[in-house]
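Chemist: Keeping their order, the protein sequence lines are chains X and S.
Position one of the first sequence corresponds to residue 1 (our numbering), numbered consecutively onward.
Position one of the second sequence corresponds to residue 1 (our numbering), numbered consecutively onward.
Be aware that a few hints might be false.
Any copy, or any two copies together, can satisfy a pair, since identical chains are not distinguished.
[Claimed, not checked] Keeping only pairs whose Cα atoms sit at most 20 Å apart, straight-line, the calculated DMTMM-like set for lysine to aspartate or glutamate is:
no., residue 1, residue 2
1, K117, E289
2, K117, E35
3, K286, D170
4, K147, E89
5, K117, E18
6, K145, E270
7, K73, E181
Just so you know, the hints here were simulated from the structure itself, not pulled from any lab data.
All values reported here derive from a predicted model rather than from experimental measurement.
There are 2 protein chains.
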Amino acid sequence: MSSPIDVVGHAALDYLFEVEHIASPNESYPITSYEVLFGGGAANIAAAMAQLGGKSRLVAAVGDDFSTSGYEKHLNSLGVDLSLLYHIEGEESTKAFVYTDPNHNQSSYFYWGSSSKLPDMEAPALDFVHLAPSEASFSARVAQKSKFVSFDPGQDLVTYSKEHLVTILDNTDLLFANIHEVKRVKEMTGKSLNDLKKSISTVVVTCDSSGSKIYSKNEKIDIPIVAVKAVDPTGAGDGYRAGFLLAFREGFPVEVCGKIGATVASFEVECVGCQTNLPSWNDMKKRYEENFGVLPL
Amino acid sequence: MSSPIDVVGHAALDYLFEVEHIASPNESYPITSYEVLFGGGAANIAAAMAQLGGKSRLVAAVGDDFSTSGYEKHLNSLGVDLSLLYHIEGEESTKAFVYTDPNHNQSSYFYWGSSSKLPDMEAPALDFVHLAPSEASFSARVAQKSKFVSFDPGQDLVTYSKEHLVTILDNTDLLFANIHEVKRVKEMTGKSLNDLKKSISTVVVTCDSSGSKIYSKNEKIDIPIVAVKAVDPTGAGDGYRAGFLLAFREGFPVEVCGKIGATVASFEVECVGCQTNLPSWNDMKKRYEENFGVLPL
Chain X
1 MSSPIDVVGH AALDYLFEVE HIASPNESYP ITSYEVLFGG GAANIAAAMA QLGGKSRLVA
61 AVGDDFSTSG YEKHLNSLGV DLSLLYHIEG EESTKAFVYT DPNHNQSSYF YWGSSSKLPD
121 MEAPALDFVH LAPSEASFSA RVAQKSKFVS FDPGQDLVTY SKEHLVTILD NTDLLFANIH
181 EVKRVKEMTG KSLNDLKKSI STVVVTCDSS GSKIYSKNEK IDIPIVAVKA VDPTGAGDGY
241 RAGFLLAFRE GFPVEVCGKI GATVASFEVE CVGCQTNLPS WNDMKKRYEE NFGVLPL
Chain S
1 MSSPIDVVGH AALDYLFEVE HIASPNESYP ITSYEVLFGG GAANIAAAMA QLGGKSRLVA
61 AVGDDFSTSG YEKHLNSLGV DLSLLYHIEG EESTKAFVYT DPNHNQSSYF YWGSSSKLPD
121 MEAPALDFVH LAPSEASFSA RVAQKSKFVS FDPGQDLVTY SKEHLVTILD NTDLLFANIH
181 EVKRVKEMTG KSLNDLKKSI STVVVTCDSS GSKIYSKNEK IDIPIVAVKA VDPTGAGDGY
241 RAGFLLAFRE GFPVEVCGKI GATVASFEVE CVGCQTNLPS WNDMKKRYEE NFGVLPL
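Please model the complete structure; the sequences and the hints are all you need to start from.
Modeler: Printed below as a string of structure tokens:
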């Protein structure tokens with residue numbers, strides 16, 4: 001039996017608020033609606049892979065409220081392997097507080113909480129790991145010890161030191177980044193997209209609503225998005241990576257991996273929340289075939 | 001045995017965040033520290049009165065997390081009478097989310113939650129009630145049915161209709177307001193401070209660090225603040241009102257009531273949080289006598 005796909009990063013509680021206005025300094029506004037959803041990039045990906053029928057294991061630091069909030073029960077029920085979690089006693093889980101006004105402006109605050117303890121944790125040696133946005137020193141140690149490394153720096157890139165970033169990239173086999181992140185990596189390390197394509201066997205550049213580009217074996221493959229009625233773009237990237245990685249691990253050609261990723265992403269954008277509308281393999285396959293033709297099995 | 005002092009208003013959970021910057025639209029900033037404290041004006045006052053040895057009863061609508069957050073246990077342990085609470089199933093308790101940057105700028109968001117159900121609740125007829133900031137239609141009905149009415153419109157004044165405000169003021173025996181609220185009451189109702197002084201037997205105008213002015217029986221009494229090392233001004237007003245009301249109900253002269261209020265307020269500003277540094281009667285008496293001389297009993 002193959003080992004699970006490990007996903008390193010955050011398991012976060014997302015506090016989503018609709019407000020009349022974004023409050024400037026010394027302003028106060030009412031909250032018109034409010035919900036707490038399960039999020040955090042790594043957990044979103046592990047959850048989506050499990051729902052697709054894959055074996056996923058979450059490598060994250062969680063606080064006391066991971067259990068009391070119902071998040072642990074939720075991931076257990078999806079079948080995500082939680083045996084490599086770090087439970088940080090007396091600490092709150094990682095959280096995001098996101099305020100959205102009626103014009104779709106957002107302002108947000110991020111609380112590292114339990115994830116801030118990752119530098120003190122012993123890094124595991126893993127067979128096939130995806131490094132979602134996380135704490136850089138921990139990710140660097142995992143990258144050095146693991147066999148196959150997929151990497152997505154994401155929004156946490158701004159917190160990475162050059163040294164940690166270079167260590168991770170030197171051990172990366174599969175890279176996911178958007179154009180802003182590619183630019184930022186070049187500013188930090190001097191490595192251009194061409195340099196990355198030479199040293200990393202598969203590079204996926206995501207371009208929001210324009211789809212994604214896969215660079216692999218001197219080929220460039222364009223993957224379109226799967227158009228649906230979009231309600232909330234949050235989580236689309238996590239869905240893409242979950243689908244891509246699961247298919248990649250199963251040995252599908254990268255073009256099919258990208259199309260599976262795009263299909264999973266399309267489910268994510270249909271609902272608010274990153275783990276509220278996860279497709280099964282059959283749900284995904286049906287929509288894949290409506291858009292891309294027969295899925296080769 | 002006399003009935004308790006009833007306090008109508010909010011029992012809220014206060015989420016207090018320290019952040020690197022206040023986030024404008026489409027900005028995101030990290031939270032450097034974060035705590036959840038027990039607050040809400042009415043609950044703050046009821047808690048302070050109980051800790052001073054008084055009999056207080058909280059009239060508020062609370063959600064499911066009133067119990068799970070530990071708030072119910074906290075108020076029970078102080079001896080606050082919770083028999084008139086409205087428990088709203090499936091609703092969150094009232095909450096405030098307050099972000100403070102290193103320059104002490106604050107932006108905040110307020111979630112009415114369970115308090116938004118007060119319009120549907122049957123109003124009780126009470127002997128001696130303080131109407132802290134709350135939902136106006138409920139407060140107006142309580143004011144009409146109750147014997148002695150103390151009123152503090154506070155930050156919720158902006159949500160009051162003229163009709164509800166006039167109904168409450170017509171039934172008010174003791175008014176607390178700051179100069180901004182006095183001005184706003186005049187704009188809404190046409191009633192000036194002089195008009196209010198004629199129709200309400202005791203009017204207390206609070207002036208932050210300049211202390212307070214009590215207008216009663218054609219007298220104007222100035223009450224200074226009790227100077228201490230201030231850490232957080234939040235809750236000072238609630239402490240003032242708790243001390244004032246308890247002393248007033250006991251029959252102390254209004255000047256002594258104001259000085260007791262100022263003394264209780266001084267404890268509130270010494271710590272972060274509105275229910276974290278509540279004095280006992282003896283604590284209060286000691287500091288009172290250091291500042292104002294013997295407390296007549």
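Chemist: If a hint holds in the structure, say so; if it does not, say that too.
Modeler: Verification of the supplied hints:
With identical chains, the CA atoms of K117 and E289 are never at most 20 Å apart, being 44 Å at best within one copy and 49 Å at best between copies. For the homomeric pair K117 and E35, the shortest alpha-carbon distance between copies (18 Å) is at most 20 Å, but the shortest distance inside one copy (27 Å) is not. With identical chains, the CA atoms of K286 and D170 are never at most 20 Å apart, being 38 Å at best within one copy and 68 Å at best between copies. Taking the shortest Cα distances, K147 and E89 never come within 20 Å of each other, neither inside one copy (31 Å) nor across copies (51 Å).
In this assembly of identical chains, the alpha carbons of K117 and E18 lie at most 20 Å apart only when taken from different copies (19 Å versus 31 Å within one copy). Proximity of K145 to E270 under the C-alpha cut-off of 20 Å is found in neither arrangement, the shortest distances being 38 Å within a copy and 51 Å between copies. When the C-alpha separation of K73 and E181 is checked against a cutoff of 20 Å, the pair qualifies neither within a copy, at 34 Å, nor between copies, at 48 Å.
In this structure, the hints that do not hold are numbers 1, 3, 4, 6, 7, in rising order.
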